[in-house]
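Peer 1: These are the residues of each chain, in order.
Number of protein chains: 2
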Amino acid sequence: MSIDNRQMWQELGIDLERHDVLLSALLPIYQEIYLSQQNRPEGMGFFDFVVGDIHGIRVRELRQHAIDGGKVVATYCVFVPEEIVLAADAIQVGLCAGTQFSVTIAEKVLPRNTCALIKSSFGFKLGRICPYVQTSHLVVGETTCDGKKKMFEILSEHQPVYVMEVPNKKTESSRQLWLDEVRAFKEVIEKLTGNEITADKLSQATKKVNDRRRALKRLYELRKANPVPISGKDALLVTQVSFYDDVDRATQQINALCDEIEARVSQGIGVFPGNAPKILVSGSPMAIPNWKLHHILETAGAAVVCEETCTGTRLFSELVPETDGNLDEQIKAIADRYMRINCACFTPNEKRLDDIVRLAKEYQVDGVVHYNLQFCHTYANEAVLVERTLDEAGIPLLRIETDYADEDTGQLRTRVDAFLEMIRG
Amino acid sequence: MSIDNRQMWQELGIDLERHDVLLSALLPIYQEIYLSQQNRPEGMGFFDFVVGDIHGIRVRELRQHAIDGGKVVATYCVFVPEEIVLAADAIQVGLCAGTQFSVTIAEKVLPRNTCALIKSSFGFKLGRICPYVQTSHLVVGETTCDGKKKMFEILSEHQPVYVMEVPNKKTESSRQLWLDEVRAFKEVIEKLTGNEITADKLSQATKKVNDRRRALKRLYELRKANPVPISGKDALLVTQVSFYDDVDRATQQINALCDEIEARVSQGIGVFPGNAPKILVSGSPMAIPNWKLHHILETAGAAVVCEETCTGTRLFSELVPETDGNLDEQIKAIADRYMRINCACFTPNEKRLDDIVRLAKEYQVDGVVHYNLQFCHTYANEAVLVERTLDEAGIPLLRIETDYADEDTGQLRTRVDAFLEMIRG
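From first to last, the protein sequence lines are chains U and C.
Letter 228 of the first sequence, counting from 1, is numbered 228 in the working numbering, and no numbers are missing.
Convert by adding 1000 to the 1-based position in the second sequence; the result is the number in the working numbering.
Calculated directly from the structure, the hints in this document are not laboratory data.
Built from N, CA and C at the ideal position, the CB exists for glycine as well.
Check before you lean on any hint, since a few could be wrong.
[As the list claims (entries may be wrong)] Here are the in silico distance ranges between beta carbons for each label pair:
no.: 1; chain 1: U; residue 1: Asp-336; chain 2: C; residue 2: Lys-1108; range: 54 to 60 Å
no.: 2; chain 1: C; residue 1: Gln-1252; chain 2: U; residue 2: Thr-104; range: 54 to 60 Å
no.: 3; chain 1: U; residue 1: Gly-52; chain 2: C; residue 2: Arg-1340; range: 32 to 38 Å
no.: 4; chain 1: U; residue 1: Gly-410; chain 2: C; residue 2: Lys-1108; range: 22 to 28 Å
no.: 5; chain 1: C; residue 1: Glu-1107; chain 2: U; residue 2: Gln-252; range: 36 to 42 Å
no.: 6; chain 1: U; residue 1: Ile-269; chain 2: C; residue 2: Thr-1104; range: 50 to 56 Å
Here chain U stands alone, though its shape is the one from the complex (with noise of 0.2 Å):
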């Protein structure tokens, strides 16, 4: 299986040392950061199992997909809508931009003051050490941020690379560009792939990226239990697997493991001591395998139980209205869907702190860390008003600025462990 592995990640294009080296460094991360958790639910063994063999069997079947004359067409963003690729009988794919080694590696070309994901996922590229960027036909981007949308730019030198505009706001006239850019973002789908995307098509599409949000809405509806049955660490990973595994086994693994956790629920099942401190993270996202903050905040004594993140709830917690109608009302649901995603790119953005003042008291945290990436200006400047807004609320906030080096680790499990001394009074 390794030896099939190393000769398809050889026709890929990958830098098999480089890429040696990637892997050997993550198996003995996750087995510090999620074997040795106590008493996890054994549904997670099946995103073990995807995490233990992160580039063989998915790569495996994208190729397959690739042999068979399907597309693969790979994203940063939750904005790019999959309802559309499925459609079209591609697959989408989120990529790996969680790593600090493929940061040191973009930096020989991207200024070093750009996030730690935005460098990460460049440097896989640059790098050859990422096999689904490698699969992939083509990589859709979008504008939600300034490095992101130059890095493109760069990027395309590389790999075929489409953009889609993310307004700034969201008046009338932004709604009618977004609008605009979905049903352009379909034609270039149809294009790549050859296929037609109908009605009917793009219905069944929709329900089955639905089925997935839905999947995660339970699982997250049953971080609200007492006490905690998965810890934060677990969830996040679950997010994180869902941006690249396929629909259907996702959603089917995701609402296997809800079943399990539904009678942890019923049993009083935990996995944190009663007492754990309820933690609410929000910001930016954490692609994997970016578990910093989590495990951080989780050996340190808290429970991670929600994430107000785009690898949280701003991936399912709305869905597209299911309609049968005709292929452009269904276009419109779309879009529309999209744009009620409450990320910091927009301006203004209120709605987004009325979520997290709503999500910390349905979850029933006991304070809320905000997460930044340095150098996100975004998140960062919004982290502003999110103090303010959490302090008229009486909630307790830590915010948290870093990237994925280690350097700050020391420093940051000081700040945790004294923001948690004072929650607990």
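Since chain U is already given, all that's left is putting chain C on it; use the hints.
Peer 2: Relative to chain U, chain C alone:
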């Protein structure tokens, strides 16, 4: 006069103590950077006077305009259509954003990883040291970068702010969005002023603004002469002052300066030794009193002959077609003109690369210095493409990333000296 000024500043809510520190620091710097220059055109006397009384006469004019029932609109960016503001008998004034002094004030609120221009402008309001923003009735922001886009949300807690959405791409849909934004801006300004913008008023205002653009074009054309008839520092000051001086007076003064420079050119009078390397500066805007890079370059023996920046060619190189046509045709012509600005906020933005090469040739420069304000993602990423483009064109490039602080001046001088040495061969 000075006593009158102090009373006016007090009435405007200026923090007099802080403001004294600011002004007392500015004048010696101006003495050192500007008045120390040899053989300057006499026409610069007007601009010296403007700086010498920077928060005096002009503020008094704006205040009188307000007392007479007029409105003052403050801006940060070349994308806000001044034609529309003038057509409603309002005055548009570019805001102070070029001092390190106000940066330190802003850092109490804004993320430190924000470009100096944004921090400086915010600090002027937070610290109550800018009589222009104190005099203004509305601040008009835009979405040209993440930092400003989100800063305006925080600024709006201190001052009425309206944000125009500048799109990210230049597709037909994006252009339609911008046209809608310009139309909406017209309504905002009509509501603010209570004055209707008629075709006639807009046509007159367009001519006024075009006349200033033509005067600046004329000044820049004269900078192509050998020997170079005016320093880059002086030319930069002229564009900086044109952001907030009365449009007709600015046009008249720039043209008077050009008359004098034309005579100099015909007499072969220059301000640099004949062998001074000619430099094109390209990149981030330089808000008054940010003269750091030009001073370093010209005291090192270079002659800055052109700026491909928002305080340079991007401010004036495109004219609005002058028609007495109907109002909406004029609005469309205005919207179209602003979409021709090749700002790094757009993706892709290849036309800016073409502009840099074209200007380098037109001005027969010996090298280009790419100026990037630290933490400005759009220009920092575009610098990667600028470097490649100039390398292919065989034009020497020096990439500078800096801020408003003095700490790196020595290091910059060393790098500039090495660059000029290399150019001189």
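Peer 1: Do Gln-1252(C) and Thr-104(U) keep their Cβ atoms within the hinted range of 54 to 60 Å?
Peer 2: holds (56 Å)
Peer 1: Quick check on a hinted range of 50 to 56 Å for Ile-269(U) and Thr-1104(C), using CB atoms only.
Peer 2: The hinted range 50 to 56 Å holds for Ile-269(U) and Thr-1104(C), with Cβ atoms some 54 Å apart.
Peer 1: Is the distance from the Cβ of Gly-410(U) to the Cβ of Lys-1108(C) consistent with 22 to 28 Å?
Peer 2: The hinted range 22 to 28 Å holds for Gly-410(U) and Lys-1108(C), with Cβ atoms some 27 Å apart.
Peer 1: Taking the CB of Gly-52(U) and the CB of Arg-1340(C), does the distance hold inside 32 to 38 Å?
Peer 2: violated (54 Å)
Peer 1: With respect to the beta-carbon atoms only, verify the hint that Asp-336(U) and Lys-1108(C) lie 54 to 60 Å apart.
Peer 2: violated (40 Å)
Peer 1: If I claimed the Cβ atoms of Glu-1107(C) and Gln-252(U) lie 36 to 42 Å apart, would that claim hold in this structure?
Peer 2: The hint (36 to 42 Å, Cβ to Cβ) is violated, given that Glu-1107(C) and Gln-252(U) are roughly 50 Å apart.
Hints 1, 3, 5 from the earlier list are contradicted by this structure; the remaining hints agree with it.
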